[in-house]
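4 protein chains.
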Amino acid sequence: MNEKRLQKILSEFACKRNWEQFHNLKNLAISINIESSELLEIFQWKKDDEIKLDIKNKQIKEKISDEVADIMLYLLRFSDLAKIDIEKSCLEKIKKNKKK
Amino acid sequence: MNEKRLQKILSEFACKRNWEQFHNLKNLAISINIESSELLEIFQWKKDDEIKLDIKNKQIKEKISDEVADIMLYLLRFSDLAKIDIEKSCLEKIKKNKKK
Amino acid sequence: MNEKRLQKILSEFACKRNWEQFHNLKNLAISINIESSELLEIFQWKKDDEIKLDIKNKQIKEKISDEVADIMLYLLRFSDLAKIDIEKSCLEKIKKNKKK
Amino acid sequence: MNEKRLQKILSEFACKRNWEQFHNLKNLAISINIESSELLEIFQWKKDDEIKLDIKNKQIKEKISDEVADIMLYLLRFSDLAKIDIEKSCLEKIKKNKKK
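Chains as they are written, first to last, in the working numbering: chain A, -1 to 98; chain B, -1 to 98; chain C, -1 to 98; chain D, -1 to 98.
Watch out, some of these pointers could steer you wrong.
Which copy is meant is left open, so a pair is good if it fits within one copy or across any two.
Result set (DMTMM-like, lysine to aspartate or glutamate): computed pairs, CA atoms no more than 20 Å apart in a straight line [unchecked claim]: (1) K59 - E10; (2) K14 - D47; (3) K50 - E39; (4) K24 - E36; (5) K91 - E1; (6) K97 - D78; (7) K2 - E85; (8) K2 - D52; (9) K56 - D78; (10) K61 - E18.
Quick caveat, the hints were computed from the structure, so don't treat them as lab data.
Note that the structure is predicted; figures quoted are calculated from it, not measured.
With the hints as constraints, model all of the structure from the sequences given.
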């Protein structure tokens, strides 16, 4: 994934729409939470077997893909503002998890 | 970001610990939610000015980085199981957002 | 609040629509999360001053009231199934908090 | 449930600890979300059968009861500040749900 490129697109998008005033770390952490809930909502009342079938349905797959993207886009925007290199963070967290 | 490499590490980690039985899409969507809340908790009672100072503190920065990683790692694991290419999902979602 | 009466209404509602099969503690905890996010969404990009004005707007007040109710209704249903007396739980938790 | 009494205790508790400055609707909606995630975390990797056994365990039951209380207490505090009568909200929402 080319994060820098995606972050640049998101930054320009926010700038053009005058959204920079709203994009602080607290608000973006809220947005990540809201989008995560929207992903979870797809599975709210489902059992494992149904979900395995659902994922083969093109429309449901697209809905899931859109919600994954929404979380990812806010996570990229958050990381850009917090000056966090997500890949580096992941590798360091994996190291910590392995020690546990 | 080399997602495939991270996803391979996560997959082997789950396999070794016999966690594959727990890693279904519903449970992983729950995990993304829980980790998102842990990121938000850092900012729960804070005002913008404080957060701008906090982010310069090495310990708080590391805590934020760890929570971002936790969300990202579960999102990568979820996408691996759902056979979703996150970067492609992001680019398609950006296209949809631009049309709005 | 007459919780028992509300819980009885909810239980009959679930029974009539054949929803009892979906109402287990895990699914209801998911529902509480989703409804909490919908409440938070109302304030996602807002500043304190705006929210103080918003709350005086009848339509926004009704939207907030509906989301509060959605959380409460799932919390009542959850407590019914878990055999938890919410008021007693609250009083015990307040005692613990005072000791901190 | 005597909400007014609980709300009075919470209001005095916040006043004594000088927490009123932090208790605005946005922050309290965040808190409801965080506590809801802590409830969900108890069930994160569990299957229905295990949860049915867990709930009979005194320690787990107390943990669940504490998390239910944490959500309820923030919901009561939120409703107090938003001047929302929770029981009335619930009855109105049930009416709307019945029409669906």
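Structure-based check of each hint:
no.: 1; hint: K59 - E10; in the structure: neither (29 Å within a copy, 25 Å between copies)
no.: 2; hint: K14 - D47; in the structure: neither (44 Å within a copy, 24 Å between copies)
no.: 3; hint: K50 - E39; in the structure: within (16 Å within a copy, 23 Å between copies)
no.: 4; hint: K24 - E36; in the structure: both (19 Å within a copy, 12 Å between copies)
no.: 5; hint: K91 - E1; in the structure: both (19 Å within a copy, 15 Å between copies)
no.: 6; hint: K97 - D78; in the structure: neither (28 Å within a copy, 24 Å between copies)
no.: 7; hint: K2 - E85; in the structure: both (12 Å within a copy, 12 Å between copies)
no.: 8; hint: K2 - D52; in the structure: neither (33 Å within a copy, 24 Å between copies)
no.: 9; hint: K56 - D78; in the structure: between (32 Å within a copy, 17 Å between copies)
no.: 10; hint: K61 - E18; in the structure: neither (27 Å within a copy, 24 Å between copies)
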